[in-house]
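Using the hints, position chains B and C against chain A.
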Amino acid sequence: MKAFSYSFTFYCLLGLILLATTDGLAQVESSDSLLSPLLPPSEVIAEDHPGDAGAAIIVRWKLSPDEDRGVTGYEIVRSTSPTGEFSSIGFAAAGSNRYVDANTEDSLTYYYKVLAIDVDKNVSESELSPPARSSPQWFNFHLLNLLIIGGLICGAVIYFIAHAKKGKKLFLRKIAGLEAVDEAIGRATEMGRPILFIPGILDMDDVQTIAAITILGRVAKTIAQYDTKLNVPTSRSIVMSTAMETVKEAYISAGRADAYSDDFVHYVTDEQFGYVAAVNGIMVRERPATCFYIGAFFAESLIMAETGNAIGAIQIAGTAMPAQLPFFVAACDYTLIGEELFAASAYLSGEPKQLGSLKGQDVGKIIAMSAIVIGALLETFFAISGSSFFGSLAELVHKLFSIVAS
Amino acid sequence: MDSVFSHTIAAILTIGIISFLYKDNPLYKFCESLFIGVSAGYWFVQQYYANLLPKLFDNLGITKLVGAENAPEGALQALFLEGRLDDNLLYLIAGVLGVMMLLRLSPKIGWIARWPLAFTVGSSAGLYFITYFQSNAMSQLEHTILPLNSFNNLVLIVGTVTGIIYFYFSKEHKGVFGGAAKVGIYFLMITFGASFGYTVMSRMSLLIGRIDFLFGTWLGLVK
Amino acid sequence: MRRQIPVVITFIVGSVLIISVFIPHKPFGQLGENFSVYFDIIAVFAFILGAGNLLRVHGNRIYKKHKDWPYSVVTVAGFTVMMIAGLFKIGGSPGITGDLTEPGSMFEDLYMYVFTPLMATMFALLAFYVASASHRAFRAKNKEATVLLLAAFVILLGRTPFGVELTSWLPDPLSFLEIPNLASWIMSVPNMAGQRAIMVGIALGVIAMALRVILGVERTYLGADSE
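Chains as they are written, first to last, in this note's numbering: chain A, 1 to 406; chain B, 1 to 223; chain C, 1 to 227.
Everything labelled a hint here was simulated from the structure, so no lab data went into it. Hints are supplied without guarantee of correctness; some may be wrong.
To be verified - Covered, in the sense of this in silico footprint (three residues per stretch, anywhere, with C-beta under 8 Å from a C-beta of chain B), are these stretches of chain A:
1) 67-78
2) 205-215
3) 235-247
4) 335-342
5) 353-362
6) 379-389
Since the structure is predicted, the reported quantities are computational estimates derived from the model, not experimental observations. Quick reminder that beta carbons are idealized off the backbone N, C-alpha and C, glycines included.
Chain A with its partners taken away, still in its complex shape (with noise of 0.2 Å):
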């Protein structure tokens, strides 16, 4: 015991002047580096720029020895000739050690040098790097994951869907707020008002709309055999034109074709607020019994569901806007909420094959949740054992979902 005493008491002295002595030595380099001349960036290296249509080349670099001594950032210098006149492209923040200049020809040859700046405005420069040439891959590879894990999920859709055609049987749960919608049209024809259908307020060229337009077919198509009024105000022209194509096709398709009117669909304005002062217009002078809100909503979702709602109507909402989706929550009957919009069309229409599609993406949920589960677990055995076997295979899930901003 003593003994181990006497030596820790030695080791400790020793290892107390060793620090000492570094800490001088240290000490004495930097005030002698403080006379000395500002050291350059080196080993710079030039290549094109991985994944993109060309026209970018990446210039990297061991930062300056002097990063600690007022190092304020790095100027990029480039021309296309080695003993050419090298004129400057950009600057990069002290430390670091990447630069991509987005602006060349792919036809050029480029070099490139890299200037330390110190707070005195001293420069000094690197050497040249080697010669480089931007170029458009045909693969981007860092989105090789996206690729994988996209294919399995549309893969899991395409196979169900097949798989359904051949008749196979599919069990898929209620939904509240489809299983309504032919009580709702139902009630419409007994009061005998009309049955009010907004399809969202973007264009088509969202995809909620698309689906909003899926729906009103066949939602269409029950209101024709019913015999009751419908009212599709839109605010937008192709959405307009979009509209009444589908329910035109869902009345020859119910064999009422002499029911259908073209007066069912038509244009109000592309203007939010507007398009929603003509739907309370609209609701409070109709009364219709049942209103459907299906796709995109901003703001004026609320407006539109507290006057049905003033009115007695029976409300069935649908969005994928996460921030409209409480104020339908709160107003309306039903909602469908997020997925359930998009999976709304194919459990209406009842053919197999788009039912199959659900399943589809229900192999995409088995995918997420396993992901996340597998991925925490991970990291949890990671954070616990500190073993580099857990940490790499967490940081391997991890990749396997991040997204590279190339």
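Frame of chain A; chains B and C shown alone:
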């Protein structure tokens, strides 16, 4: 325009819209009809100057062709004056698709209007597929892969997973699975409540803005 | 043929756009951007259909002396005046390059003193609708609605000085129960979890929907059911 006159018009229109809260009335009907007309006209003009003119007419060189000063040279000038095929010539496709859209008015060849529609729907399907996949699915999942070493992380992971279970279509929500879906619903409800509560205050400030206009800018009662 | 060609167009355009994400090489890399511009152009042409429909609907009302026909006159007049004021740049610098929104021009005046107050007031009505929706939520009838209400209440209080005052007396060990802390916890933990579940669901929904459209399984929007 004289500011007292213009502010009075603005004030009458403001009162007209607010009056709807009491009940539907002629002033509201007037404001509504005016709003529809003026805003539809506004967007038409905006779309013409912001989209059709620069994106189609300028790119093709039609603006230059009709003799507008300062108009840029476009693909048509490149083709006929320089004999060169410019990339912008591809906008001709958009123009043709646009005209096809109008053919809907013709009973005989109205079906051709489906082509631009098919183009639009196809391109939105493709674009949204990728953007939603990247920003909604992949990046959200990446951020949810967390170590279970804190209460918050645990809640976050349980909430996300049970929320996803709620959306699961092809299995009955019964037993343990149903229980998990139920927990998921509660998480969704907290989410909805949170955005609801968060929005209420900002909506109140909008109303205060209009009241401020009526009593301050217009009547000068509030400084 | 009339049905097949549109389905083929959708298939080609949709699948090429998806594939093009992985191919940075010209012309694929730029396709998404270009196609959005194409859409903008198509939309302007389509607007002629929309405007035509608006004029037809209101023209009919005027012609048939519909109950509210004088209001239709207002709509038609508003549309015509705004369009002429804008296209001919009345009261502003004329010509294609003239500034459309020049102060003092008729277009700008109509925008400032007619369009803007109407829009702002319609938007401001939301305050009343939010209040009535909250009132309904207060009568929460089931557990889910109660949870929604509680979360909304805490967040709302957390954004007001009153909410801060209300729980500031809590001793330090219980500071996590202070309303602003509770509100920010709800926002960043359970709210975030719910948002993520919704977003992942939406992404899967969009993927399957896009595939149904691209593969031609879903073609309702083309009105193709009858053949």
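### Claimed coverage, the segment 67-78 of chain A by chain B - three or more beta carbons nearer than 8 Å
violated (count 0)
### Query
Taking a Cβ-Cβ distance under 8 Å as contact, does the segment 335-342 of chain A have three or more residues in contact with chain B?
Result for this restraint: holds, n = 4.
### Coverage criterion applied to the segment 379-389 of chain A (partner chain B; beta-carbon cut 8 Å; 3 residues)
holds (count 5)
### Task
State whether the coverage of the segment 205-215 of chain A by chain B holds or is violated, taking the criterion as 3 or more residues with Cβ-Cβ distances under 8 Å.
Held - the segment 205-215 of chain A has 4 residues with a Cβ nearer than 8 Å to chain B, which meets the minimum of three.
#### Entry: Verdict on chain B covering the segment 353-362 of chain A, where coverage means 3 or more residues with a C-beta closer than 8 Å
Satisfied; 4 residues make the cut.
### Given coverage of the segment 235-247 of chain A by chain B, tested with a Cβ cutoff of 8 Å and a minimum of 3 residues
holds (count 4)
The structure does not agree with numbered hint 1 stated previously, though it agrees with all others.
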